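Participant: These are the residues of each chain, in order.
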Amino acid sequence: MPKVIAIVEDDPDQLGNYADALRKKGYKVETYSTRREASEAFARSLPDLVILDIILGDEVDGGFDLCRELLAKSPGLPVIFLTDRIEETDSVAGLVMGAWDYETKPISLSFLAAKVATLFRIMETRGAAAPEESKTVTHGDLTVDEDRMQVMWKGALAPLTLTEFRILEVLVRRPGNAITYDGLMDSAMQSVVTHNTVNTHIRNIRKKFKAIDDGFSQIENVTAVGYRWTCE
Amino acid sequence: MRIGRGRIFGLTIGAKLMILSLAFLTIPAIGYWSTREMKSFLMAGQENAQLLTAQAVATILHNRDDLFEAGYGPGSSIKDEGGLYVSPLDSMIQIDGYSNDWGGLPARSKEYGKESLVSVKTGGQSATVSFNLTLGLRGEYIYALVRVTDDEVIYRHPDYISLSDSDHLRLAALARDGNERRIIITAKKPGAVSAYQVDAKWKLPITGAAENDILGIWRESSTGYIVELRFPKNSLDSAMKLGVAVGDVDDESARKLESVVGAVEKGKSDRLNLVFIRSPELERIIQGLDLSGARIWIIDGARRVRADVGGSLEDDIAHGTESRNEEVIQKALVGAPGVERRKSEYGYTEVIMAAAPVLYNGKVMGAVLIEQSTDRIQALQRETLERVFGITLFVFVIVTAGLFIFSSQLTWRIHRLRDEAENAIDNDGRVVYETLRTDRSAGDEMGDLSRGISALLSRLRRYTMFLERMPRSLNHEISNPLNTISTSLQNLEQENPTAAKSQYFQSAGHGVDRLRDIVKGLTEAANLEQALKNEEMIEFDLGLLAERYVKNLSAKFSDRRFTLSKQERAYFIKGSDFQIEQLLDKLIDNAIDFSPENSEIIVGLRAEEGAALLTVANEGPRLPESNVDQLFESMVSERGPGSGSRLHLGMGLYVVRVIAQSHGGGVEARNRPGAKGVEFIVRIPLQGGV
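Chains as they are written, first to last, in my numbering: chain H, 1 to 232; chain L, 233 to 922.
Pulled out of the complex, with its shape left as it was, chain H reads as follows (with noise of 0.2 Å):
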């Protein structure tokens, strides 16, 4: 049975974009222009993810709003922002237990079907696998799940984006050594990364890890090269 996307979206010429991207590649797409039209809809009957626009019509944090109508409704909901500035994904970041990413406009519809696509992935692993089973890699207190693409930094799970957990693990994967802004850019999937895009990544990175671990400074910024993550 084919997964169904919601996506609430004000623009309509934007909606049909993303609609028609994602339909053709086999999902079943709902659409919703307003606030109210979708979460009646949520009522009735939830989708399987959530793309949402933060801004809908008059209301400024409509996407947010939605987004906790439907989170209270179903805790492990896949959702994707589609924001204009990273910044503005704080005030919900503490509320998305589950899977759940970023986008920011101007949307490369490749790289948000690619996200669709490994936000279902991985809920079915979440969901599917035992625990033990999962491929994971440790280093220190920190427990990186691969397939769950989960995170968890002495024994407790951090919350972090899709995109975050990309930066992350591109930074484990050695340890100790500088992974350059390219290198980190790369990962994050966006259509426009500048060096400061990938320091508000880090920087949200601390700042759930700092949520779990006040004393958590295993991020270095290496200076005019990038990042690394040291153990120490």
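Some clues are possibly wrong.
Which stretches of chain L does chain H cover? Using the computed rule of at least three CB atoms under 8 Å from a CB of chain H, they are [said to hold, decoys possible]:
id, segment
1, 748-755
2, 765-777
3, 812-821
Note that these hints are calculated values from the structure, not bench results.
Computed from a prediction, not measured in an experiment: that's the story for all the values here.
Ideal placement from N, C-alpha and C gives every residue a C-beta, glycine not left out.
Guided by the hints, dock chain L onto chain H, whose structure is given.
Facilitator: Chain L only, in chain H's frame:
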């Protein structure tokens, strides 16, 4: 004086208020002036009052010739005749030869001695006797008290007829029929005297009959003898002339008349004196007018005092007013009432004298003089002046102090407002706070001003916020349609690969890419400040960063040569290494864009005055001097000939400035001295100021 920090010169509000408050000095000045006016007014008032009183009194006495004995008109010259004053007697006089019932009059009586020599025996030189004469009037009688100083008192021989061969008194008067009447008063022994009318030679009696109307007692005293007499007033005619003399005999046997001394002025030996009776009636009339502090004189045409009441003993009664020939008296005696002021004998008060003529049938027969010192007025003036001056000075001080306090407070408030307003906007023109606290709820103009400025700042802030949000809003506005185009093109490519090869498709794609870069730049600038706030500030060595950075540059940009010129030392700063990298990125980008191929770009680092100076210098076109500062404001772009394909919104330099400022420093651009090209200097304070 300088106001604030500007170069405008002017008086402070305080100084202005102080100068204005000098106007208040007019209050004490007016006070003083008004007391002086008051004094003049009061003086004039007193003069007037005195004059009116004098005239009123004079009016009472008009045509009362009986009080004046009109014969004593202006014709009588006081100089030619002496005067005998007859004082009114308050109490009964006992004719007993004792002077105790005369009161204080004898003490003030005149003494006649050597100067009053009438005649002297042949061969004699001077007077051998002197006497003191006191005349009084009571009822119908004139009383005389003659105290004679005589070393030898010789009484009359009972057998001799001659009356002048013993010590005797001589009285001469004009009888009513106009003849001169001469009377010798003599005694055989102490006790009652006998009076005989005598001949012109003063020797022999005319009738031999005693004059019965003359009553007297002769008594011996320690210095000689005293005769107390009484005779009717009517025995003097209206001319009121009387002569009194004393004849002296010292030798009992020879009985020669040694000398005669008369109550005359020097040199006027044989003339009779004018008798001046101080008129008791006049005095009675004016007694009721006893004004405290004032002296009322009534004089006759010859300036002799006929009555006086009140006042001080400044003037001896006996002197009368002969010596007082003030103008006002003279004028009154010719009929013109007047008033004048003179300084009193004591110097500091003034005395006002008013004079009014007393008329008889239109002719002047006397004058009323009222004299009063103005010391009360002076005292009053002084008191008032002191009080007024004191009060006004006090008021002046209070008002000035009040003004001073007020102006100080006002100036302080103004300064506070100015300072707060100045600091409300930072150096970049951003509104730091929009509500001024100074005088926020004051009810006066200052409060208005404060609230006005706050409103102004609010508006400014809203506008700046609007401007600041513009990149963000633009960003938001642009990215959506951009997204539409981009995703549409992507789908088009999928749907119709052939169309995707069309050059129009390609050019559309380029357009989208360019737009995307613009959006990227806008996003960065818009997010920058937010990002800076969120960055962790750590301590690191700028020198190390610069080294590594420059090393990488050569790898990245092959068409330029990069050199690091660094003074060897540690440059520890507190900040975000990442952001400094970004800053360098922007500066290098800019340097590359404005420099020719294969030229040298020099990155420099040195320390100066507690700050690290990071410089990026490139060859190329120089900056126009005029808008060097504007380079760092966003949206300004200086496009040189070698601008190439790199995007320019001028955002890069704006970012450099924001990053530099968030590290506590700043950035400056200038033309390279001595070389062609431009240099950017970023200043960042060193940790610890070293």
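Participant: Next, verify each hint and record whether it holds.
Facilitator: Comparing the hints with the structure gives:
1. 748-755: Answer holds; 4 residues pass the 8 Å Cβ test.
2. 765-777: holds (count 5)
3. 812-821: Three-residue rule met by the segment 812-821 of chain L, so holds; n is 3.
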